[in-house]
Each structure stands twice: as C-alpha cells, then as structure tokens.
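Top line first, the protein sequences correspond to chains A and B.
The working numbering applies: residue 1 is where the first sequence begins, and numbers increase by one.
The working numbering applies: residue 1001 is where the second sequence begins, and numbers increase by one.
Note that these hints are calculated values from the structure, not bench results.
What you are looking at is a predicted structure, and each value in this text was computed from that prediction instead of being measured.
We put the CB at the ideal spot given by N, CA and C, even for glycine.
It is possible that part of the hints are untrue.
[Claimed, not checked] Taking lysine-lysine and the DSSO-like style, the derived pairs with C-alpha atoms no more than 27 Å apart in a straight line are: (1) 1026/B x 1086/B; (2) 1086/B x 33/A; (3) 1288/B x 93/A; (4) 54/A x 1258/B; (5) 1258/B x 216/A; (6) 1221/B x 216/A; (7) 54/A x 1257/B; (8) 1258/B x 1024/B; (9) 1086/B x 93/A; (10) 80/A x 1273/B; (11) 1086/B x 54/A; (12) 80/A x 14/A; (13) 1258/B x 93/A; (14) 1288/B x 80/A; (15) 1086/B x 80/A.
[Unchecked claim] Listed below are several chain A residues computed to face chain B (Cβ distance under 10 Å; list not exhaustive): (16) 3; (17) 7; (18) 9; (19) 10; (20) 29; (21) 30; (22) 31; (23) 35; (24) 55; (25) 56; (26) 80; (27) 211; (28) 221; (29) 249; (30) 250; (31) 251.
[Unchecked claim] Partial selection, computed: residues in chain A whose CB lies under 7 Å from chain B: (32) 5; (33) 33; (34) 37; (35) 241.
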Amino acid sequence: MNNSIYLPHIATIKNVVEETFDTSTFTVAFDNKNIQSSFSYLPGQFVEVTVFGKGECPISITSTPVKNEYLELCVRSSGKVTDALHDLDVGGKIGIRGPYGNSFPLEEVRGKDIILISGGIGLAPLRSLLNYFLYNEDRYGKIELFYGAKTSQDLCFRREYDLWGAHENTAVHITVDKATEQWNGRVGFVTELLKEAAPSPRNRFAFVCGPPIMIKITAKILAEMGYEDSRIITTLERKMKCGVGKCMRCSIGEKLVCQDGPVFSLRELNEITDEFSR
Amino acid sequence: MDNREKGVERKIITRDDLSKWLEKIKGHFDLYAPVRSTVVNFGKIERVDKICLDFMNTFLPPKVLFFPQTEELFSYARDSEGIEVKRAEDLIKERVLFGIRPCDARALSILDMVFGGEIQDSHYIEKRRNTVLIGIGCTESLNTCFCSTFGIDPLSGEGTDIFLIDNGGYFTIKEVNTQRGRSLIDLGNTFIKTEKVDHREEAGSVTVPINIASITGNMEKVQEDFWNNTSDPCLSCGICTYVCPTCHCFDVEDEEKKNGGVRFRTWDFCMSKDFARMASGENPRISKGERYRHRYFHKFDYFPKKYAVVGCVGCGRCISYCPVNMDIRKVLERIRENIQK
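From just these sequences and the hints, can you work out the full model?
So, in structure tokens, the structure goes:
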C-alpha cells in the first residue's frame, strides 16, 4: 500500500563543481545509507531528480559505478527544475528515484576499439562510459574521445582530459567551434575533427552524444566512413515525466526513451518510423 | 416484429428490486454509478434513487475512477531535520462500479496493461483491485458507436464481474464472471429470481465495422502530407483525449504549500504543442500534422505492436465532443484508402 514508483528517496548534495557558466556537476548521496550502498546502475542509465516544490526531471548519471558512495550528475540550468537545482548549495536536499533505462552495450563492445564523439553537455553520459572503460582497460582496445563545444568556456570536465589521456592506449581530442583569447587548442567542429582522424571502422564501435543535429551529422559521417549502423550507438534526450513507461512523454515511434532507451543503436533508430528518421 | 424468445428461463431482477439490491451493496461498499447533472457521469452514490439508468454512456469514461484527472502521488514536509515524503493515502474501502459499458470495460483492460506490467503503477492498480464492475449491455446505441470495429460485442460482459442486460421492466443477469461477482449476487439473492420470461436480447445497431486489420500494421504506408491535410481543422483543444477511455498521457507537477507540498499528476494530451518540447527547446513533433500522426500511430500502430491490442474501443466520445466535428471513423476510412493508394 505504501509503495509507489513515483516516491523519491531523499539525497543530499555533497559537492558542486562548476563546469561552465550554466552547467555544474553535483555529487549527491542518499541520506539512507542502505539505499546508497545498494544503489547499482550502469553507464547510460539515468535518474529522476526532484527539487521539491519545483518538480522532477531526468538526468543521466555521469559517475561510473565503481564506488557506491555517491552519484555524480552533470546538469545544465535550462528549465524550472534544473534552475532550482543550481540554486541549491552543498547540504541541499533533493529527491532521487531510479536508476532507469537501459545502458550502453558494455559486453557487446568488449575487446573492441572505441571512439566517443561528443558535443557540449553530451559528454555527461559518455563520461560515465569512458571512465568505465578506463577502469576496465584490459577488457577494451583503444579508447579515443572526440569532444567539442562552442568555446573553451563551454567545455565540461576540463580538469579530467589529462587524466584520461594519461591512460595507455587512450587519446583525447578536444576542439572548440570558436576560439577565444585563452584557447590555444584546436578550432573547428568536432565532426571535422572526426573526419580528419578518420578512425577505421574495423573492430571499432562509435558512441555519439550531443545536440540532436550533431548526432545526426556525426552518424552520417560515420556511416560514410563505413561504420555499420549497429555499431553507431547514441543516447537520446526526450521530455520525460514518469520515467517508467506510463506517461508517454518520451515516445519516439513505438519506443519509449525511458524504457527502451535512452541508449539506441542507429540501426534501432532507423527502424522506428518517427520524427528521428524523417 | 416480435423477436422475443418465448418462455426462456433466466435469472432476472426487476427494476424495483435492482434498487434494493444496490441499496444493500451500498451498505457494504462505496457505490459508483451513472448520475445525471448536466451530463451523465459516474459519481459516488449517496441515494440509490439518484442513479440514472436511462443513459447511453457517461460523458467522461470510467478511467476517471482509476486514473483521476488530478491525483496526488505524495506529499512532502520540510522541517529543520530535512525533508520527508509520504505517499498519498489512496482508496482503502472496496467499491462497486455499476453501469459500465462493454467498450469501457475493454478500455480498462487496455489501461491495465499500461499501468500494470513489470513496473506497477500502484496508484492505478490498487483502485482497480478494489473495484468490482457491474456492466450493462447496450440494447440501444448512439450513432457514434463503433465498438464492433474492434471486435467488441455490445452484449458481452468481457472484463466485468457481473453483466446485466436491460430488458425494460427487468434486468437479466447475463453473466457472473468472478468470485467477487458471485459475492455481490449473494447479497441480492432475495431479489434475483429465476423465471421464465419472453426474452429479448438485441444489440443496438452500431456503425458498420471498419476494416481495422487492414490499417494496423500498415500505418507506415500513409503518405506524409495526409497528416497535415487531415489535421488541418483540428484545434488541438485536447477534448478527444480527455473523454477517451484509453488515453493515459499525464503530466507531473508540484504544488508548494507552507513547509511542504504535494506532487500530483494530471491528464495531459499529445496534441498540445509543448507536450514533447524539451528544456533545450528541441521539439520532436513541432507541427500539428506530426502530433496528429503521433496520436493515430499510438492508438493504431504502437498499441498493437506493444500490447497486441488496438488502443481504441469505438466508444465514439471523441466524435461527439469534437468542436470541429472531426470523426475518427472517417479518418480511419481515409487512412485505409490512403494505404491502398
């Protein structure tokens, strides 16, 4: 009688790291220690985050399931709930339920080379995957990240690129659309960076996450390079309310992003007769 | 022409005794039945003589009793210690819903699949579990009825616990389908009699069935411009989804009160421009045509693919209440023609 799938667990904000002017990474932990220690998830899954009085929204988990002490959520301030979340400080109370959705195909890509292509805050879900690969280096081949943002001020997780690149058999390529004074790195779209590098599709999987238009263009480039559509994996964003397949907000064709996704291969998306393929 | 079967043995209850039976039921359960105010709707019965038996179907479908238009999910309270959440206290007393029509009974079985399944929506499921359904067959019909398109028999009590047929001066107890139904019959055993009657059982005439099998599974063949053209008169007002017995899209919102508040859900509709619009501003269904297409696909393509059942029951409410006279039957016929092109 007291069970409801909509009931969040109370969690506390333990740390906040400012990524960009509108995006921060929140470290949060459940107040109930048993819930925290038993909370298991996989890269690609998301949680429903509550700011009480404002509502709830789906946020991908950006931490990697190696430590059960906390979750990390990288959130852009872009709506009622996320704005309110950004107004909270360390010690602030929020609600969390989940994890929901499927995950990245971790077993299927075992032994394979990996490229991760990402734009802006699209790095958040891929960071969970990237760190998972790095924690389990021996299971995977070469890991390469192609990441771009509008300007250097819009790059997320700047403090971590060197750490990632320091791993053996790992490469990190960063670019910005528009150079500013502080930037001496590469300038240009991430799609151009990818085209130049042209990583061979042999024995390789591509993971793509970013704005919808960037996903579409990248998928097209990868297809031209010879990547099979089953080896191009993306994770989608949709408006969501319930997170558990009831409210119909996140439908894309007959699929629900909250239940059947958020991770889809391009093959799966092409089979859906919906706005994505049109 | 008299098409009565003469002298057949049936379990019957007279109209007067029906009231007595319902009175008795009301003593044990919360009783819900059709009540007429400006329109006929299901309402909680305080006085049995207020029940409206002279109705075709209710304005709002019975989903309102299981998935109310607004429903509290939980409340939260703030104090110096932090925040505490408490699930909304839901219906505890068992209740009886009297007067559900076969189309609406099918609709509930469809909603059961949505709110049930692997992840159970206890708010809906508990209300369903606590409700006994007494159905009434349709010996008359509206000119908007088209349930037979979906294989629904207006004289069959599928999905109900007890099913009655109105024979004028008396009701026939046509089906007692469950143990819970039998318990209710036991409550009325002094009123229910087995008698030889001149029996008439004839369904109201519903719209000639549309060949729905030729539509589901072929929706993808419908040309793109069809949806823009067909949806042109639509005002996106959403009344079709509100009166629809199977529409279940909802929104979730918080209401802040002093030192706490509540989270509730409320009906929403996919024809609304902002329904799928994301915080980023991206909108996967930006045009009315796309949203209209989505609505039809949900009922006639996604539902069959996911649950092996069409998401429409032919109750005709959306036809009756559309302010611009859009008729789902005509749209389905046009879809069928378009597929064949």
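So, going through the hints one by one against the coordinates:
no.	hint	verdict
1	1026/B x 1086/B	violated, 31 Å
2	1086/B x 33/A	holds, 19 Å
3	1288/B x 93/A	violated, 40 Å
4	54/A x 1258/B	holds, 14 Å
5	1258/B x 216/A	violated, 47 Å
6	1221/B x 216/A	holds, 24 Å
7	54/A x 1257/B	holds, 12 Å
8	1258/B x 1024/B	violated, 43 Å
9	1086/B x 93/A	holds, 16 Å
10	80/A x 1273/B	holds, 18 Å
11	1086/B x 54/A	holds, 17 Å
12	80/A x 14/A	holds, 22 Å
13	1258/B x 93/A	holds, 17 Å
14	1288/B x 80/A	holds, 26 Å
15	1086/B x 80/A	holds, 23 Å
16	3	holds, 5 Å
17	7	holds, 6 Å
18	9	holds, 8 Å
19	10	holds, 6 Å
20	29	violated, 13 Å
21	30	violated, 12 Å
22	31	holds, 7 Å
23	35	violated, 13 Å
24	55	holds, 5 Å
25	56	holds, 6 Å
26	80	holds, 8 Å
27	211	holds, 7 Å
28	221	violated, 21 Å
29	249	holds, 6 Å
30	250	holds, 8 Å
31	251	holds, 7 Å
32	5	holds, 6 Å
33	33	violated, 15 Å
34	37	violated, 19 Å
35	241	holds, 5 Å
In summary, the numbered hints that this structure violates are 1, 3, 5, 8, 20, 21, 23, 28, 33, 34.
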